[in-house]
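Given the structure of chain A, go ahead and fit chain B onto it with the hints provided.
2 protein chains.
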Amino acid sequence: MPGCRNGWRSGWRWEVEESMKTLLIRQVLLNDTIRDVLIKGNRFATIASSVMVDADQIIDGRGKAILPPFYNAHNHAAMTLMRGYADDIELFAWLNQHIWPFENHITEEDVYHGSRLAILEMIRTGTVFFNDMYWFSRATIRAVEEMGVRAAIGRLFIEDRPGHILPRNLAENEVLEKLSVHLSDRLQLTFAPHAIYTVSGQTLCKIGEAARAMDQRIHIHAAETLREVEHAVKEHGMTPIAWLDRCGMLGPKTILAHCIHLTPDDIAILRERDVTIAHMPCSNFKLASGQFRFHEVMEQQGCRVAIGTDGCASNNNLSMLEEMKFAALSAKGESMCATVAYAQTIFDCATRIPAKAFGIDAGVIEEGRLADAVLVDLSHPLMVPNHHLVSNWVYSADSACVDTVICNGRVLMANKKIPLEHEIVAAAQETCIRLVERIRTTK
Amino acid sequence: MPGCRNGWRSGWRWEVEESMKTLLIRQVLLNDTIRDVLIKGNRFATIASSVMVDADQIIDGRGKAILPPFYNAHNHAAMTLMRGYADDIELFAWLNQHIWPFENHITEEDVYHGSRLAILEMIRTGTVFFNDMYWFSRATIRAVEEMGVRAAIGRLFIEDRPGHILPRNLAENEVLEKLSVHLSDRLQLTFAPHAIYTVSGQTLCKIGEAARAMDQRIHIHAAETLREVEHAVKEHGMTPIAWLDRCGMLGPKTILAHCIHLTPDDIAILRERDVTIAHMPCSNFKLASGQFRFHEVMEQQGCRVAIGTDGCASNNNLSMLEEMKFAALSAKGESMCATVAYAQTIFDCATRIPAKAFGIDAGVIEEGRLADAVLVDLSHPLMVPNHHLVSNWVYSADSACVDTVICNGRVLMANKKIPLEHEIVAAAQETCIRLVERIRTTK
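Residue numbers (the working numbering), protein chains in the order written: chain A, 1 to 443; chain B, 1 to 443.
If you are wondering where the hints come from, they were derived from the structure by calculation, not from laboratory data.
Possibly wrong hints are sitting among the right ones.
No distinction is drawn between identical chains; accordingly, a pair holds when it is met within one copy or between any pair of copies.
[Claimed, not checked] Below 20 Å or equal to it, Euclidean Cα-Cα: the simulated SDA-like pairs (lysine to any residue) are:
no.	residue 1	residue 2
1	K21	R440
2	K356	R246
3	K417	D377
4	K416	S379
5	K417	G63
Here chain A stands alone, though its shape is the one from the complex (with noise of 0.2 Å):
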């Protein structure tokens, strides 16, 4: 099975020996100041200008930072196999053209490719969580387990008719609760409706019943396009955040994608139910949607912002480096102000935002925490000067900077390599190649 070498044996998950070990990276610098970082396990255990210790695995920290990694709060990790298979089209057209003749053929075994792409791509970008919504998602999970990231794996839910919700999706999600019990503590399930208008009230409100009992998170698109809020308004007599609301959908738990079209009412629900926003403005920008009012919804209504990348099919990348620097630019350009969204806001809202907001103890490089990090490599030409570590790393940045990446105490890469990059590539190529040929035969 794929992923052995990494510890990977008889089941989906890391041996619980190799969490036990011990980690010390020396001499890396840590909020202007040189440090020595010792993980034990799965959390920081020690950071001091010198840590005495004999410890399992060393890394030389001489010349890198280290920084809280990525958390990806909107994502459709397998559509990574769609990444560049169709652009600069009119959204109905893509999707009905394009994305879900695609997405018909897909099996079980595609999105586990596309999962494993999805999730190299993110290692090498420095993200080690996402917030994902998709088919088959067991595969997404098979892919999750060997790679060791974490992730937020929803349970989707999408109706042909009011109350009537697809029986693959409840064949998928059944699957879905008999591998519950057996997840790793880097994996939650949560409840994924797509969206309102695929989506009916009476499905909804239980939805938001069983996630309430059961204390998990939902996740649902809202308010993405004016095409929405109009049916919303049309349908329901009320915008699709009051409609949330009155389904009982919205609370501290809650992760809402998009949030392009609100009116002041509906931005103070989302303040007053504690939701999260999840914010991905190049996929806004590219499908037209609309821009997101970042600087009114966060900075002066207090609401809670939390950046994803959404899937390679309207992206068409994975890197919340970029993300970051599109959400800076695109809040200064939408408020035309530039004195708003700064880079350290920017990255909070990447970092410890959503750690906090999918209840991972994580976030901030800190002793007692859950040890991700990455280390960043201060001699690349891309963060040269060191005037501001943070500046370069929103606004300067790409993935070139990215040299090793800890998740959960384990390092997923080191020294820009990743275990199997070559075999999970090349099985993607494939898979493609494979996908594209049905498709062709079918039509």
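Chain B in isolation, oriented as in the chain A frame:
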């Protein structure tokens, strides 16, 4: 002298015999077909399914695609020294309190080291040419000659009162004039008056005459901010574009940086005069200058648009890859239409169009053209799957996908390695530390 190992010997120019060598790239992907590409001297000589020659240098092109590299239409290269030095600040506070005090302390040697860092970054991100405007440009010329890229270097003009060009400009431009007969064919000089609010009409008229007499290009900032437009209307009774036209500054060899705030009449003038607009969306968003109307100005009204990055103080990198994505997505966002600014259009604006605008016989991979190229790693996760090469390049790639860079027949980066990189980075770091120290002690 730095650069010796690259063939640099007694002066500022590559040795002539070096450029007569042959370079064979074997089995590389070109326009969906595997090809051998033979370069003789500084031009593509033979492109065929198989080229059987005994070349001086051979590159294995398997698993790679060959593409034209980037031509950056507007830059202030040495401002890499200011990357991350001052962000998220209102424009005039930014200039008065940070940028200008910094620049007051910059020496010619600093500009040399900043330019080398900039060129290093440009090579890493696939760029072989930049259109520059800055102080001490003799030092930038030195860096360009040594490192093997191309550039258009501006004779800078700024006035402290109407008709009175800064003595510093005159002295520096005199140096450039003496140097001009010694420049390699990778370099050209331009006339670069800073803007209409820093150079008077009488001087602009004289510069226009001189540029026409010498058949050289003009490079100026124009219509970047609403404040500039308001000032022009108040001072001259017309828009910045109309004023530049009145001063005889507009023609096919004029490059206008920004052009955000345009009237329909301005657009008609730009089209009729056949000028090139340099479009820098990252800088425009970061400084909240406004949103360039790409679809209207280029796709509907037929003006020529070339993409640039601006300097690192307002971007904060020189990646044309990132800038292409920003240009495509911001055009869709601004026009609220997903079907504008296709990937291929944007790619042309970063390659073929600027190459032609600057009189460089390159920008496409064809026999007889100047041998400028990038080799792209097709197995990098960001380039997988390979549904559509140009889409992946514009919407997904970052510098980690750039494997090899060739300019004027010479390999500047091979297998992601650039000669003297560590030395260049270290010198730039030291330069910045000294500069910041000088600024601190003077305060």
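Task: Index of numbered hints that the structure contradicts, given in increasing order - done: 1 and 2
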